[in-house]
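So the sequence lines, in the order shown, correspond to chains A and B. Quick note on numbering: our numbering labels position 103 of the first sequence as 103, and the sequence is numbered without any gaps. Quick note on numbering: our numbering labels position 88 of the second sequence as 88, and the sequence is numbered without any gaps.
Be careful, since some hints might not be right.
Said to hold, decoys possible - Here are the computed lysine to any residue pairs in the SDA-like style, where the Cα-Cα straight-line distance is at most 20 Å: (1) Lys3(A) with Pro61(B); (2) Lys73(A) with Tyr50(A); (3) Lys3(A) with Ser38(B); (4) Lys3(A) with Arg22(B).
Derived by calculation from the structure, the hints in this document are not laboratory data. Everything numeric in this text was worked out from a predicted model, so none of it was measured.
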Amino acid sequence: AQKITQTQPGMFVQEKEAVTLDCTYDTSDQSYGLFWYKQPSSGEMIFLIYQGSYDEQNATEGRYSLNFQKARKSANLVISASQLGDSAMYFCAMREVYNQGGKLIFGQGTELSVKP
Amino acid sequence: GAGVSQTPSNKVTEKGKYVELRCDPISGHTALYWYRQSLGQGPEFLIYFQGTGAADDSGLPNDRFFAVRPEGSVSTLKIQRTERGDSAVYLCASSLTSGANVLTFGAGSRLTVL
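All chains, full assembly: derive it from the sequences and hints.
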């Protein structure tokens, strides 16, 4: 069973507008973490934002925020004021076991294109 | 080093050959991870080290794959008798500890098996 689902293979957004990238997850654990990574064409995965399952407030990091809806098992990424440099692949990921912090399960990714 | 360094960046080999991929993590990072990313997919976990020992190798696809980290720093992923299906980008990441939230990834080693 797919643990992380990203249903949008590709998205377009106009520069300076906001965009939401969808992510749903499946786990029976009570303790888990959710992550978003950006992968530009250079290939490196860049950490963007983290949300713990017990965090009551949505995580924010600069222009990135994570819309965490626990009951719906969704962890959507919101990018505000899009910039041309935001064009990249975006991956949602989940960590199920606390001490295995780096053992992540990734979704298939969403390719974001920012138009000038 | 300032970041995670992976060599080679590109490797083309023939089916059946042996390949080694190297990862040099950020200095002081005790946890090191290997992932494999096939075309159009997200990365898939292979193995992670805490110090010198492999704490979890449950993602290694078969016994042709092996990884070592003898001194708790540099790691080498070894693939024997390569197959065309092994073609992928192999990503290495490190973190300060295994419980840390932030992984720092390298740029990857792209392996092509002809």
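Quiz item: Taking only the CA atoms, is the gap from Lys73(A) to Tyr50(A) under or equal to 20 Å?
Solution: Between Lys73(A) and Tyr50(A) the Cα gap is close to 15 Å, so the pair holds against 20 Å.
Exercise. Sort out whether Arg22(B) lies within 20 Å of Lys3(A), counting only the CA atoms.
Key: 30 Å, violated
Quiz item: Taking only the CA atoms, is the gap from Lys3(A) to Pro61(B) under or equal to 20 Å?
Solution: 19 Å, holds
Quiz item: Given the hint that Lys3(A) pairs with Ser38(B), does the C-alpha gap stay at or below 20 Å?
Solution: 18 Å, holds
Going through the hint list in order, the structure does not satisfy hint 4, though it satisfies all others.
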